[in-house]
Every structure is written in structure tokens, then in C-alpha cells.
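**Student:** Spelled out from the first residue to the last, the chains are:
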Amino acid sequence: MTATCAERGYAETTVEEVVGRAGVPPAAFAENFDNKEACALAAIDLIVAESIGVASAAYSPDLSESESILRGVMAILELWAARPSFADMACVQPRQMPQRGYDAYALGAQAMALIADRLQAYSLTAPLPETAVRATLGGIAMLIRREVASGRAERLPRLLPDIIYGALAPFLRQEEVLRYTQLARELQLEGG
Amino acid sequence: MGTTVRDERERAADAARVEQAERESGQELVEGEILCGAYERLTVGLLEKTAQRCDRGAEWPQRIRSGLEGLLGELAAEPEVARAVMRSLPAVGPAGYRCYMGFLEAFVPFLAAGRDFSEAQQELPAEVEMLAIGAAETVVVAEIAAGRTRQLPSLLPAILFSVLMPFLGPEKAMVLMRDASGGPPRTGQPGAGV
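Residue numbers (my numbering), protein chains in the order written: chain B, 1 to 192; chain G, 1 to 194.
The following block holds chain G by itself, in its conformation from the complex (with noise of 0.2 Å):
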């Protein structure tokens, strides 16, 4: 399905929407359904192409990279959008948050199969989707708060460590992160990138 002009100019509108209400403080409108309803039309889109990239690929490791891969891509693709939906929202207050969170939690089920491809299977820890999922956020976020939404996609090796690890132990991900960045990974001294 192709991206028309209409949908473009809606899109923008939305995230001009979910922007001006962080500006304007705005609780009200958040709590209202209108701001609730432009975040969910901005997300549902973002989730439907990362499931879509998430069937691609033999294995749990290479679906996830593919879904990553197409996720930070789109968010590099239109940075107001990435800003209204990463950073923007969030911020307006309680209500904005749960919004957020509820978007943030949708990811759960791509992840949730690395447990069976983990060698810790059930010794795994009850929230390690949501370790994996707050460790590619927060680096998505200070990205995006730096300004370097465009460069998103070279993370795509550093991002992809942080979301396997806790399935695989950091062995097995360092190996498929050089799988994916096809040379030696950005690494840097203790604290740095923090």
C-alpha cells in the first residue's frame, strides 16, 4: 500500500497536534480523545510495518533485526512524526503517558518469542520484554532529543545488542551485531553515549 499526499498531510497534522499539546501543556486535550486518537493513527502504522518487517527472516534473531531495521528507518523518515510520537506525547502529563506506554507495551509479542530461541528459557526474568523494549527506547529518545532522528538507522547494530542481549547473553548478540553493521561495531570508552 503506498503513502499518498493525503496521508502525508494528515500525518503531519497529527503530529503538529500531539506537538502543540506539549507546548500548550495541554492535559485536557489529552485526556480528551482527540489527542489519544491522533498518537494511536500515528502508531498503528509504525506497528503494522514492524510486524510486517517481523515476519521476515528464518530465525527469532533475524525477524527482530528486520523489524528494527524497518522501524528506525520509518521514525529516520519523518522526524516530526518520531518527535511527536517518541518524545512529544510523553511529556504532556499522566494521561499522555499511559498513551505512550501503551505503545511502547504493543511491541511485547514481537519479543516474547526469543524465549523459546534463549538457552535460559524459563529461567528468564518475568519482564525481560520490557528490558529489552526500555533499552532500544531510551536510546531512540536521546536521539531524538539530540536532533539525530536522520541518523537512527546507524544504530541499528548498537540498538540490536541491546534488544537480543537479555534473550541471548552478550556473546551470542555481539556475533549477530557485527552480523548486522558488516564491520566492526561503534564502541566507545566506560559512560560514553550515556
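Just chain B, same shape as in the assembly (with noise of 0.2 Å):
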């Protein structure tokens, strides 16, 4: 399903090319999906699961907070940028779904939000306006969308230092947020 969306959009995708390609029997198909859209939906909820899993892999109690929540971003841009239909499903594609696959995305960046609301308690102006905490995942996900749009996600790890920057730039002070995005700097680096 995520090979196929990535390849011709969700909105050209039909079921025959997806069982096509997974090497399925339609009926298998239809047992488990009432339609393209649910499999679509599953397909995004599958890889949230496992970017949530390689966060959680990276996080270590021998590390700071911090250092663990820049290891384990690092560790879903390295596997989006590995599997780059994922990040195509997880950011493209539920733009090009009807409206229920757009809900389910605004679902998954209200999960995305629990993140934030967190940081929102170290927020400098709280409270920040109503739409602040969805513009800055909006703008993350803009990184991610432009990259995967272009064919570039084995380029996602590049990406931790603007993505750091903007996950913690509405809550703290400036100097702060740099210092962060310095770390994730020296981070990439490490990693090569």
C-alpha cells in the first residue's frame, strides 16, 4: 500500500495494484480491509507504531532527557529515510485523502501534540495562541513533506537540527532553542 501511494498518489491507487504488489489474494484482501481507505488508515497506523518503536529503542536511562528525546527523533528520521514510503504515508498522502484520511492525520498530530503540551508547562508567553502547538507540528511536517515530495528522504537525517529547532522554538527562550539545535548538530555529526 505505502509503495504503491508513494509511487502514483493514494488518489490513483486501486486495490488490485495493492494486492497486486503484496503478492495477495484479493479475498485475503477483503477479509481484512472494507476498502482501499481502511487499508490506507491501517497502513498509517502500523507505521506510527513502529516510529514510536525506534524512538522508544533509542531512548536510555544513561542519558539525559534531552539527549534522549534528540536520539530518538534521530531514530524515526533514519527509518523514514530507509523506508521513505513511510514518511510519504505518514506526511503526504493524508493530504491527498478524503476527508476521513485527512481526520486520521489530524488525529495523529493531535497524538503528536501530547508532545507539546508538555513543553507548553516551560513556555516563556503561555498561554500561546489556540493554534500554535499545530502550526509548529505543521511546520516540522513541512520539512518532512518537502523532502519525501521531491525524492529526497535518505536526506530525513539531515533534517534533526531544523526539526529540533522548531519543535522547541515556541516554548523557550531563543538562546535556549540553539543550544538544543547545537547539540543535535553534534548528534548528526556523531552519527555521520
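Simulated from the structure, these hints should not be mistaken for lab results. Treat the hints with care, as some may be off.
Said to hold, decoys possible - Partner residues aside, some chain G positions facing chain B, computed with beta carbon under 10 Å:
no., residue
1, V44
2, L47
3, P90
4, A106
5, P109
6, A113
7, A135
8, A142
9, A158
10, E171
Built from N, CA and C at the ideal position, the CB exists for glycine as well.
With the hints in hand, could you dock these two chains into one complex?
**Tutor:** Printed below as a string of C-alpha cells:
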């Protein structure tokens, strides 16, 4: 599903193509999904679960919380760089899906916003405008969508400093955000 | 330059063409020049008007405020065009999405001057302009998807905050947002508006 959507877009993808590419009989598809949309939404759920999995694996009690978070974000970017269709399905295709797909994307953003809500506690200017968290996630998603849409998913790990900057910028003093951004650059160099 | 009835009809036809492609999953239409041509005609006016508005104002934050105010006003005035530009074409497929990204990237030069205005300057990340564009775009698309296109101008202060903040930091951006709102901003509980 993810590979076909990445090549042709959600709208042009057919169940026949998905089934043929996966090498499963149509009956197996029908047993698991009502239609193409249900399959796409399940794929997004799977990608979110895998992404959380690699981020969790990057956590270590021996590291500071901030370094664990940096390594977790890096792990997700590396996963998506290795599997560009994951990044495409998570960040690009929901915009191409009907309203339910868009809503699922919004729900995914809500889950991400829980993390951002924790950062609100540190906000210098709390309360922020009600759209600030959505906008923050949108800025980060834009960087990912642009690379993926341009066929440059392998460059996603390079975005780590930009993503860290974008994620922290509304909540902390700029000099502190720049310090974390520098840490992200160092982690990037360390990872080669 | 005024807008003629013919201009309006042509814009409506272009918007309808883009929306039709979305309904019909018109990948072939996008890959043809017809749809991207229609899209370019719809967006070129928006970009020109934004550029004109960005010339107003002594300093960069005021120029961005003016440009953003004009852009939100243009989108609110023509909801069907706003939907075609921001929601329908990117929904068509990869080629449509690339056209859309090209439109969004055209706003980078307006924002790039913010680097000189920022205390952080050279330390700002490479993609700070796209962070700001993505922040504004996400809020605008959500409003359009929710059928609140005509209310977009009321979000000027909040969107302005998210566009200026990556360059200036939250404290300065909040002050400028308050200037734009002329009163206390709409705020929410954590997670609200997501």
C-alpha cells in the first residue's frame, strides 16, 4: 500500500495494484479491509507504531531526557529515510485522502501534540495562541513533506537540527533553543 | 489594476478545473499542462499581491504582517479559489503536490530577510523559512478543510506569531502578535486547535 501510494498517489492507487504488489489473493484483502481507505489508515497506524518503537528503543536511562529525545527523533528520521514510503504515507498521503484520511492525520497530529503540551509547561509566553501547537507540528511536517515529495527522503536525518529548532522554538528562549539545535548538529556528526 | 468580470469568471473556471481533478482523481490531468497552468494562473495573482503588500512597512515584521494580512484577505474573499489552491491540487497526486510545493516555496524570499532582523542570524537553522511557511500553511489548510475560509483574517495575529517566532523568538513574536490583534489574543488550553 505504502509503496504504491508513494509512486502513484493515494487517489490513483487501486486495490488490485496493492493486492498484486503484495502478492496476496484479493480475498485476503477483503477479509482484512473494507476498502482502500481502511487499508491506508491501517498502514498509517502501523507506521506510527513502528516510529514510536524505534524512538523508544533510542531511549536510555544513562542519557539525559533531552539527549534521549534527540536520539528518538533521529531514529524516526533514519527509519523514514530507509523506508521513504513510510514518510510519504505518514506525512504526504493524508493530504491526498478524503476527509476521513485528513481527520486521521489530524488525530495523529493530536497525538504528537501531547508531547508539545508537555513543552507548554516551559513556555515563556504561556498561554500561546490556540493554533501554536498545530502550527509548530505543521512547520516540522512541511520540512519532511518537501524532502519526500522531491524524492529526497534519504536526506531526512539531515533535518534533525531544523526539526529540533522548530519543535522547541515556541516554548523556550531562543538562545536555549539554539543550544539544543547545536546538540542536534553534534549528534548528527557523531552519527556520520 | 482592477478585477474584471472576465477575470473573475476565468478564476472561477480555473478553480473548478482543479477541484474537478481532485474529484476525478485526475492524475493525467495534472501531468498535462492544463491543470498546472490553471494552478499557476490562480497562484500568480496571490503571489503578486503578497509581494506588493510586503513592500509596505518600515521593518521586516511589519512587511510580513502586511503581506500575510493581504494573503489571508484574498483567500477569505474567494473560498472556492482558496480550496482549489490549498486543498484540491495537493490532493490530486504526486505531480499536483509538487506544483503545490512550488507555490509554497515562492514565499521563501519574503521571509529570508527575517534572518537579518533576527538576533540569532547565522545560528538560525537552514530551513527556518520553510518552518514558518509550514506553520502558516497548516493552520490555513485546517481552516479551509473545516469550512471556515471566510474567517481566515481573524487568525492573522495567531498566524503572525507562528511565522515571526522562528526568527525572533516567542517573546518578541508575542509582542508583535498583540500589536496585530489590538487586544488579548485568542489562547487555548494545551493541545487546543490541533
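**Student:** Determine for every hint whether it applies to the structure shown.
**Tutor:** Hint by hint, here is what the structure shows:
1. Checking G/V44 against chain B: minimum C-beta separation of about 21 Å lies over 10 Å; hint violated.
2. Interface restraint check: G/L47 against chain B, minimum CB-CB distance 18 Å, threshold 10 Å, status violated.
3. Interface hint status for G/P90: upheld, as the beta-carbon distance to the closest one in chain B is roughly 5 Å, under 10 Å.
4. At a threshold of 10 Å, the smallest CB-CB gap from G/A106 to chain B is about 13 Å, leaving the interface hint violated.
5. For G/P109, the suggested interface contact is broken, since its CB lies about 16 Å from the closest CB of chain B, more than 10 Å.
6. Here the hint on G/A113 is broken, as its CB sits about 18 Å from the closest CB of chain B, past 10 Å.
7. Given hint, G/A135 at the interface with chain B, holds; its Cβ is 4 Å from that chain's nearest Cβ, closer than 10 Å.
8. Proximity of G/A142 to chain B holds as hinted, the smallest CB-CB distance being about 7 Å (cut-off 10 Å).
9. Checking G/A158 against chain B: minimum C-beta separation of about 4 Å stays under 10 Å; hint holds.
10. Taken as an interface hint, G/E171 checks out: its beta carbon lies about 6 Å from the nearest beta carbon of chain B, inside 10 Å.
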